[in-house]
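> Protein chains in written order, with the working numbering: chain F, 1 to 114; chain W, 1 to 114.
These are calculated hints, taken from the structure and not from any lab test. Accuracy of the hints is not assured; some may be wrong.
To be verified - Some chain F residues near chain W, calculated using beta-carbon distances under 7 angstroms: (1) Leu44; (2) Leu46; (3) Leu51; (4) Asn96; (5) Lys101; (6) Gly105; (7) Thr106.
Claimed, not checked - Just a sample of chain F residues kept apart from chain W, beta carbon distances all over 12 angstroms, derived: (8) Ser70; (9) Ser84; (10) Thr86.
For glycine and all other residues, C-beta sits at the position ideal for the given N, C-alpha and C.
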Amino acid sequence: AQSVTQLDSQVPVFEEAPVELRCNYSSSVSVYLFWYVQYPNQGLQLLLKYLSGSTLVKGINGFEAEFNKSQTSFHLRKPSVHISDTAEYFCAVRDNFGNEKLTFGTGTRLTIIP
Amino acid sequence: DAMVIQNPRYQVTQFGKPVTLSCSQTLNHNVMYWYQQKSSQAPKLLFHYYDKDFNNEADTPDNFQSRRPNTSFCFLDIRSPGLGDAAMYLCATSRGTGRTDTQYFGPGTRLTVL
Chain F
1 AQSVTQLDSQ
11 VPVFEEAPVE
21 LRCNYSSSVS
31 VYLFWYVQYP
41 NQGLQLLLKY
51 LSGSTLVKGI
61 NGFEAEFNKS
71 QTSFHLRKPS
81 VHISDTAEYF
91 CAVRDNFGNE
101 KLTFGTGTRL
111 TIIP
Chain W
1 DAMVIQNPRY
11 QVTQFGKPVT
21 LSCSQTLNHN
31 VMYWYQQKSS
41 QAPKLLFHYY
51 DKDFNNEADT
61 PDNFQSRRPN
71 TSFCFLDIRS
81 PGLGDAAMYL
91 CATSRGTGRT
101 DTQYFGPGTR
111 LTVL
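Can you build the whole structure from these sequences, using the hints too?
Now the structure itself:
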């Protein structure tokens, strides 16, 4: 079974500052990793995913994430945030043995300060 | 635009009164999922359909049932809602369960139990 830990429940950041949202996972098998964003009163939207290959993954809205197998991490970064980035961000993991189940972390609420 | 639609967006029911939530999709995806997301928690998979094959998560209470009459529609039935069932219910779809298949989420239905 897999698990996902998002260490920071809330992250306040000034507008135009860089941000890193942390995600660590635990699994006994190889995994696929995802970041989803949830804007207020909306469903989840896929930001980016890591399946294989390059460990640096670029997603939508200027976000990127780096897969680090030795540290079992998949941290999300953006060099300069905007007010519109205010949302809840969820890291998720899925094993690569055909199991379709996504296991989510508890989320990080990103608040952008003008 | 192809999408995942959930109706209603907000649902209020009384303790013990059966309620049905609806999900439809125009993506023609084979797999449809139902997640429960309680306040400040991660989405939790309740069950999913792969075509007509129903897959229940082991810890999903019997109070929760689902129907998928055709490819486009999937329903979540809560037979006797309790106060603890108040949550956001998210529907998602995916083309399949392969490594490149992404889950696409609807906007969710927020259920209030009085």
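> Each hint should be assessed against the structure and marked as holding or not.
For each hint, the structure was consulted:
no., hint, verdict
1, Leu44, "4 angstroms, holds"
2, Leu46, "6 angstroms, holds"
3, Leu51, "6 angstroms, holds"
4, Asn96, "6 angstroms, holds"
5, Lys101, "6 angstroms, holds"
6, Gly105, "6 angstroms, holds"
7, Thr106, "5 angstroms, holds"
8, Ser70, "22 angstroms, holds"
9, Ser84, "18 angstroms, holds"
10, Thr86, "16 angstroms, holds"
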